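Asks: Listed below are the residues making up each chain.
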Amino acid sequence: MSQYRLNYLEQLEAESIHIFREIAAQFERPALLFSGGKDSITMVHLAKKAFAPGKIPFPLVHIDTGHNFPEALEFRDWLANEVGATLIVRKVEDTIKQRNLTEPKGKFPSRNWLQTYTLLDTIEEFKFDCCIGGARRDEEKARAKERIFSVRDEFGQWNPKLQRPELWNIYNGRIHKGENVRVFPISNWTELDIWNYIRAENIDLPSIYFAHEREVVVHEGQLVALSEYVKLDAEDKVITKKVRYRTVGDMTCTAAVESNANTLDEVINEITSTKISERGETRIDDKVTEAAMEDRKKNGYF
Amino acid sequence: MDLLRFITAGSVDDGKSTLIGRLLYDSKNILIDQLEQLEKSTKNKENGEVDLALLTDGLRAEREQGITIDVAYRYFTTPKRKFIIADAPGHVQYTRNMITGASNANLIIILIDARQGVVEQTRRHSIIASLLKIPHVVVAINKMDLVNYSQDVYNNIVIDYAEVAKSLGLKDVTYIPISALKGDNIVDKSETIRWYDGKALLQHLEEVEVDTDVNLDNSRFQVQYVIRPQTEDLHDYRGYAGKIISGIYKKGDKVTVLPASIETTISKLEIGGKEVGEVFAPQSATIQLADDIDISRGDSIVRSTDIPQTNNEVEVLMCWLDDKPLQTGNKYYLQHNSRLVRSVVRNIEYKLDVNTLQKEAVEGNVKLNEVVKATIKTASPLVFDAYQHISGNGSAILVDETSNSTVAAVLFQ
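Chains as they are written, first to last, in numbering that gives the first Met the number 0: chain G, 0 to 301; chain F, 0 to 412.
Mixed in with the good hints there might be a few duds.
In silico DMTMM-like cross-links for lysine to aspartate or glutamate, where the CA-CA straight-line distance does not exceed 25 Å [stated by the list, open to error]: (1) F:Lys-27 <-> F:Glu-206; (2) F:Lys-273 <-> G:Asp-152; (3) G:Lys-54 <-> F:Glu-400; (4) G:Lys-160 <-> F:Asp-69; (5) F:Lys-323 <-> G:Asp-152; (6) G:Lys-54 <-> F:Glu-206; (7) G:Lys-54 <-> F:Asp-293; (8) G:Lys-160 <-> F:Asp-12; (9) G:Lys-176 <-> F:Asp-293; (10) G:Lys-176 <-> F:Asp-321; (11) G:Lys-160 <-> F:Glu-400; (12) F:Lys-273 <-> G:Glu-92; (13) G:Lys-176 <-> F:Glu-348; (14) G:Lys-47 <-> F:Asp-235; (15) F:Lys-27 <-> G:Glu-190; (16) G:Lys-144 <-> F:Asp-69; (17) G:Lys-47 <-> F:Asp-12; (18) G:Lys-54 <-> F:Asp-232; (19) G:Lys-126 <-> F:Glu-400.
Listing some non-contacts, in silico: residues in chain G with all C-beta distances to chain F over 12 Å [claimed, not checked]: (20) Leu-45; (21) Pro-159; (22) Asn-168; (23) Asn-187; (24) Lys-240.
Honestly, the hints are just simulated from the structure, not real lab data.
These numbers come from a predicted model, not from an experiment.
Cβ atoms here follow ideal geometry from the backbone N, Cα and C, with glycine treated the same way.
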């Protein structure tokens, strides 16, 4: 075996670092969209490596739905401080008031859809020409066809039929005024790659990714955390279970999984043996229609 | 565990989607909820089997129109390797999609329908594979179940294809008789095709040697970004960040900065902020130099013993990718990795018929999917190698100055 050989995680890392450097060089005002989940935490780690010993040359932007896990927010603030990055937080709550939007109704009122408004307002406020997202192509079929550099029009819309061919490792980020580019540096990573990389690099994660006791209700077979945002019915039974999160989104649309995994090794073991995909297991909002993601992307959602 | 990127090429009815579906399904990379989705979508349930082709079914926009928009990427892993599949559809825009999907591939699977044998499409896929220098070729002779698993049929196709491979100079060609529908020789060796003594497709994909695909002999590096922290403790730090295109760089190497042609020495090498003694392709690294030289994005740093060409005129093979034809005389941006220069296309010598390799006269403008031989003149010099020699330093794109679209794939000759 040659000593000049990279394993698959090293190859993925090299590719992502290359993408981060293209972003910093090609755009005037890029921003990293930070959700607080493991994918965006991994992106911050990669960005840190891409520009070391310098600081990350763009801000972290968090579009705060107001429905976040407190553990994730605490971690967000700690991480931004740790890497010395500027943190910009814009709240969906404020957009709802300013624009007189209608709050979603229902048992699990998801502000996922409303995030798009806040995001587009934030892009305009700071004149961002590039937003870096943590989407992976293995997540969902609308993403399987998206480029690494994905051009959006002035309405933030994605047009799957008008994508630029993306050849070799050459990324064309040229845009007209008012347009912006969404760049996805971890497009080629799978969920398991992310976990293996987190283990290999010893990356810190919020505590909710590991098993803990939590009060939950069972909804269509999924465990939803009890919070002020979830409206309980009379027949809902609140139970305490040992759970962890596989993805971290809003408290209203992310389900927990039963788990005893306290370490990264144990989490990876559980994921390797699971028979359900990440989105299928933990996203409550994707079940609505099969094309849910495609619709949201076309409207400017990440 | 390493990584293999491959592309599947086949015409519409060759069973490409079924093959990819079968690889994902039989290698247990399909999970329960995805399978439920699949069962729900399967229209034809008569034979009780799920329609594996639906696994690669794309966007609603495509389903509604019964078309495939363009390249989709799929992922699967076995204990031996991680695989990235570029799934390019076969129809009108095929050349463009295939070149896009093939540009990063280590391997191409060319599907042949056993009933049809080598057809025009097969030749076209093979020509593109040879133009793009894809290192490994698998000829998967599919639908063997429909020719009674006949060894004669298989042998005749192998003889026919060997001619094609020879004429194109394709080197590593492997032939596998398969049935994607029945699962013969996909993940496990077929019980039915006993006369075949080679490997099943997945085993071949897991074992094909890809280490040697990386060029470690010629050192090529282009500056992507200059890291200048300008903090108190690092105020003199200047790191040239970029991906090693090919070769190896060591601390102390004598290097030349191009196109300025200034010689200096590597004083420090870093990966992700950690100092290392050497770096190699395809790592993303940071190089520090002994002398203070004016270096910016797009400049090349190469070992002084092995210098690439520097020229503002380059002969190219170019595939046009845009609906809007080439306007001769118009200026286009040429992007060669991180180097962006203005350019103009001159002297279009001939058009290459990608079905026959015949050179034809060019009448009128160069249109979508056409491959032409031409000369490109650039406003400032390029530092490059021939694509056939070092593909990573021999490829570029053209960008329309007014629409900002990527309009051509360019291979330096």
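Asks: None of the hints should be skipped; say for each whether it holds.
Replies: Now the hints, each set against the structure:
Restraint check: the Cα-Cα separation between F:Lys-27 and F:Glu-206 comes to about 19 Å, which is no more than 25 Å; the hinted pair holds. Our distance criterion of 25 Å between C-alpha atoms is broken by F:Lys-273 and G:Asp-152, whose separation comes to about 39 Å. At roughly 33 Å between alpha-carbon atoms, G:Lys-54 and F:Glu-400 are farther apart than 25 Å, so this suggested pair is violated. Straight-line distance between C-alpha atoms of G:Lys-160 and F:Asp-69 comes to about 8 Å, which keeps the hinted pair within the 25 Å bound.
Straight-line distance between C-alpha atoms of F:Lys-323 and G:Asp-152 comes to about 20 Å, which keeps the hinted pair within the 25 Å bound. Taking the CA atoms of G:Lys-54 and F:Glu-206, the gap is near 41 Å; set against the 25 Å cutoff, the hint is violated. Restraint check for G:Lys-54 and F:Asp-293: satisfied, since their Cα atoms lie roughly 22 Å apart, inside the 25 Å limit. A distance of roughly 23 Å separates the Cα atoms of G:Lys-160 and F:Asp-12; the hinted pair therefore holds under the 25 Å criterion.
For the hint pairing G:Lys-176 with F:Asp-293, the CA-to-CA distance comes to about 31 Å; that exceeds 25 Å, so the pair is violated. Restraint check for G:Lys-176 and F:Asp-321: the C-alpha separation of about 22 Å stays at or below 25 Å, so the hint holds. Pair hint G:Lys-160 plus F:Glu-400 holds up; C-alpha atoms about 21 Å apart against a cutoff of 25 Å. A threshold of 25 Å between alpha carbons decides the hint, and for F:Lys-273 with G:Glu-92 the separation of about 42 Å lies outside it, so the pair is violated.
Proposed proximity of G:Lys-176 and F:Glu-348 is contradicted: the alpha carbons are some 37 Å apart, above 25 Å. Our distance criterion of 25 Å between C-alpha atoms is met by G:Lys-47 and F:Asp-235, whose separation comes to about 20 Å. Straight-line distance between C-alpha atoms of F:Lys-27 and G:Glu-190 comes to about 16 Å, which keeps the hinted pair within the 25 Å bound. A C-alpha spacing of about 7 Å is found between G:Lys-144 and F:Asp-69, which places the hinted pair at or below 25 Å, so the restraint holds.
With a C-alpha separation of about 47 Å, the suggested pairing of G:Lys-47 with F:Asp-12 is violated against the 25 Å cut-off. For the hint pairing G:Lys-54 with F:Asp-232, the CA-to-CA distance comes to about 13 Å; that is within 25 Å, so the pair holds. The straight-line distance between the Cα atoms of G:Lys-126 and F:Glu-400 is roughly 22 Å, inside the 25 Å bound, and the hint therefore holds. Separation of G:Leu-45 from chain F is inadequate, the least Cβ-Cβ distance of about 9 Å not exceeding the 12 Å criterion.
G:Pro-159, annotated as away from the interface, has a beta carbon of chain F within 12 Å; the closest lies near 6 Å. A beta-carbon of chain F is positioned within 12 Å of the beta-carbon of G:Asn-168; the least distance is around 7 Å. The claim that G:Asn-187 is not at the interface with chain F is violated, since a C-beta of that chain comes within 12 Å of its own (minimum 6 Å). The Cβ of G:Lys-240 lies farther than 12 Å from every Cβ of chain F, with a closest approach of about 21 Å, so its non-interface assignment holds.
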